[in-house]
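> Below are the chains, spelled out letter by letter.
2 protein chains.
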Amino acid sequence: MQLPSSLLENAVNEFAKLPGIGKKTALRLVLHLLKQDTDAVQHFGDSITKMRKEIKFCQRCCNIADADICSICANSMRKQDIICVVENIRDVIAIESTQQYNGTYHVLGGVISPLDGIGPDQLTIETLVNRIQKEHTQEVVFALNPNIQGDTTIYYIQKKLQSFPVKVTTIARGISFGGELEYADEMTLARSLQNRLPVESYVAGR
Amino acid sequence: MQLPSSLLENAVNEFAKLPGIGKKTALRLVLHLLKQDTDAVQHFGDSITKMRKEIKFCQRCCNIADADICSICANSMRKQDIICVVENIRDVIAIESTQQYNGTYHVLGGVISPLDGIGPDQLTIETLVNRIQKEHTQEVVFALNPNIQGDTTIYYIQKKLQSFPVKVTTIARGISFGGELEYADEMTLARSLQNRLPVESYVAGR
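Going line by line, the protein sequences match chains P and F. All letters in the first sequence, in the order written, are residues 1 to 206 by the UniProt record's numbering. All letters in the second sequence, in the order written, are residues 1 to 206 by the UniProt record's numbering.
In isolation and in its complexed conformation, chain P is listed as follows (with noise of 0.2 Å):
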């Protein structure tokens, strides 16, 4: 694709670096953003720059915050002694979002995984660990992937915690609402046949 401008062939070639969106579409946001006011623009611009410069890690969780100690950490009406593991700050948000849990958490920036060359120390391990035994924690409670990295990082961690009075738990594994039976693989079946539940506690949970 030639370009007949080099200002605009920088602009597309930035916007290419994005996951997920090819030249075709850089272009295409780059000439929307060409038929916006140079004040949206420039404010555009500004907002993402002043983002990545300004923008903290929480001391305490390692979610992003505005400030040293994250809304979340900082908020007295949650309960400061159960930290719910995470992967990265989406998953913050999707479990904020279902409005069920009023813990903290703690972000571990990934998992672990050798094949990608992400191994404890690049994590916020040591962190969680130390956070744990300084605040005397009652539960914590992975809610990472289910798979062979979540399982590793899980299994990991709760060995460091194994010396400690705290409750371990997972976030459930089974058929999704809305799956159906006869397309799950057999691992999830067979997990969630393992871990069956009293109906009267599901009922309650609806």
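Be aware that a few hints might be false.
A pair holds if it fits inside one copy or across any two, identical chains being indistinguishable in the list.
Said to hold, decoys possible - Below are the DMTMM-like pairs computed for lysine to aspartate or glutamate, each with C-alpha atoms no more than 25 Å apart in a straight line:
1) 35 x 87
2) 24 x 87
3) 17 x 46
4) 53 x 66
Bear in mind the hints are in silico, worked out from the structure with no lab data behind them.
Since the structure of chain P is provided, determine the placement of chain F on it from the hints.
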């Protein structure tokens, strides 16, 4: 979607203003940028605001340009007495990538569309007519999308050109290569029967 930081929220909202990008995609893009170097993100922001501020439009053909005259108009190897009239710069890029056209362009900036409130005055039609008169253009080739708005625009401009000694043509309409006759709409099929070609010219064009 409740975000834990107002800086993050601003950036996500700005991205979500772009066409075809919803809040979830915007968040994915912003979190991707958050993982990049501050310099890379600064470069991203700058390339966009710089593009918007410094880009020019060719004074002759209204195409996007780095200088007062675009690279196509400034190229003496191209036939300067043929003008291909297109709706927008994306069409210029599409035609250029065929490598089959060696004339100049004129970018209208849209087509006449009363329902969207776009009349002839919002387009660069006057510039085009003045240019044809001044430059003694030999041929005007319309390459507009085959719909009511495109046809109206062709009709309107053609009437303005009646007094000039210029050949006015339009790109051929017909069955696409790879298209199937039985699925073609009646209008396309009827037009391609009316405008049938001698087989020699068809074979030569392949």
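> Would you mind marking each hint as holding or not holding in the structure?
Here is what the structure says about each hint:
In this assembly of identical chains, residue 35 and residue 87 lie within 25 Å of each other by CA distance solely across copies; the values are 14 Å between and 39 Å within a copy. In this homomeric assembly, residue 24 and residue 87 come within 25 Å of each other (Cα to Cα) only across copies, at 17 Å, whereas the closest approach inside a single copy is 32 Å. For the identical chains of this complex, residue 17 and residue 46 are neighbours both inside a copy (19 Å) and across copies (15 Å), given an alpha-carbon limit of 25 Å. In this assembly of identical chains, the alpha carbons of residue 53 and residue 66 lie at most 25 Å apart only when taken from the same copy (11 Å versus 30 Å across copies).
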